[in-house]
Amino acid sequence: MPTLQINDGHLVLVWFKFERSLFHILAILLAPTLSTLRRVRSYLAIRFWTSVLLVACLTSLLGIVVNLVFLNARIVGCDRKAVISAILRLPFSFGESRLLPETADIRESHEHINRLEASVLDLRAACQHTESQAENDFPFHCPAVATADLTQLRMRLDELASSVEGTGALISHHQEAALKRHTETILEIERLRKQLAETAHMREVLSSVVVNIEHTRSLKAQRTGALHSSAIERPDFALYTTGGKTLSDLCSPPRTKPAQSFFSWLSSVTWEAARRQFTGRERGRTEKPWPLGSDMAIHYELNPGYCWAFSGSRGHLGVQLARPVIVEEVAIDHSRSHWDSSQAPRFMELWVLIEGSEAVNKARRWEIDGEHVPPDDVQKLFGKDKYLRVGRFEYDLRAAQASQTFPVDSGFQALSLPVRIVFLLVLDNWGNQEYTCLYRFRVHGRLPDVV
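Reminder that position 30 of the sequence shown reads as 923 in the working numbering, one-by-one numbering, no gaps.
Hints are computed from structural coordinates only; laboratory data are not their basis. As the structure is a computational prediction, the values presented were derived from the model and not from experiment. Just to be clear, a hint being listed does not mean it is correct.
Listed next, the in silico DMTMM-like pairs over lysine to aspartate or glutamate satisfying Cα-Cα at most 20 angstroms (straight line) [stated by the list, open to error]:
no.	residue 1	residue 2
1	Lys1279	Asp1233
2	Lys1073	Glu1083
3	Lys1279	Glu1260
4	Lys1255	Asp1188
5	Lys1279	Asp1142
6	Lys1277	Glu1248
7	Lys1273	Glu1251
8	Lys1279	Asp1269
9	Lys1279	Glu1327
10	Lys1277	Glu1287
11	Lys1138	Glu1083
12	Lys1279	Glu1251
13	Lys1279	Asp1289
14	Lys1279	Asp1302
15	Lys1277	Glu1077
16	Lys1138	Asp1188
17	Lys1138	Glu1222
18	Lys1277	Glu1260
19	Lys1273	Glu1222
20	Lys1255	Glu1221
21	Lys1255	Asp1142
22	Lys1255	Asp1269
23	Lys1277	Glu1251
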């Protein structure tokens, strides 16, 4: 299409014809746009983005107006540069009416304008119809309902957030407590493991100790059995039937028995008659009669009840041997057939009388100061005589042997001093506070060498 050169008069005529139509188009387009923007702004309740959208719409409308101006100029045969130059050179207001001569081009332009006005009216009617339909179809109550729903949703989200925070704090607390309990459990397990290891070690130690004790007991039993066998086979120099006797001034008082009833006296008389009958004393035999009192402790009879009993748990027995001997060991016998063994002696000491100045001087070089000092009550019995303690021992009621042998001090044995009088001091028994019963006291040794 050839470009039409126009002057200022043509441009004024074009603008004058379309001026009213342009304002109508702007009114048609701006009215529903602004109304829709207000509704959208009310619906969204966001002022900033609404303002941005409004500016964008206005910019779009301005572009539409400019394009319409250029479209009108192109319809009348003007190019874009000529229209811009003519607009910049306009010396008057577009709102004023001018009487210009009509030409063929102007009439043609006028027809185009009329057609454009008709098109604009059609567009305006279509826009109004679209606006009314949009008003009928668009739920304007939705913003309020949506706002209320959004408010409730926000409140619910806040509640959930608070609940999540509380649950997180509770979980953290439980995790800390569980971690603490787990740590304590681990420490307790470690402590128990250490105790278990110590217990196992102690068990091993105790097992070895028990083995050693059993071995020691076995050796002791073997040694005691050997001593018992040797004691039975060796001569007893304190035996009553071979000449030994007790010294009443060195013996404790016998146990005081309560007054006997007639039946007890009758049974004792009957038992005595029977004993004499079986021992042959009534048949005129010449053997030494059975002893009574403290001599019962040096007799070979060990039947239950036939023993020398003295009051209390502490007592002493002085024995004159059948002849002077070098004492090597002593033996204590106790009946295991009696139902009560608490009267058996337990802790004892052996003292011997040293006679002669030569023997006293010889023993003085052996004795240790303070070790051979007798208790006060015993010292009164000894008087000025020289006694030495040559042995300490314990009668073990739990041992297998009823007859237990105890050696005297090896240093004293090396002196080879012959003694005639021995003194047995009973320090305690196995729990009977009323009396102590001594069944048999033996003295073993060898005869001194005859020069």
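Name the hints, by number, that the structure is in violation of. 1, 4, 7, 9, 10, 11, 13, 15, 19, 21 and 22
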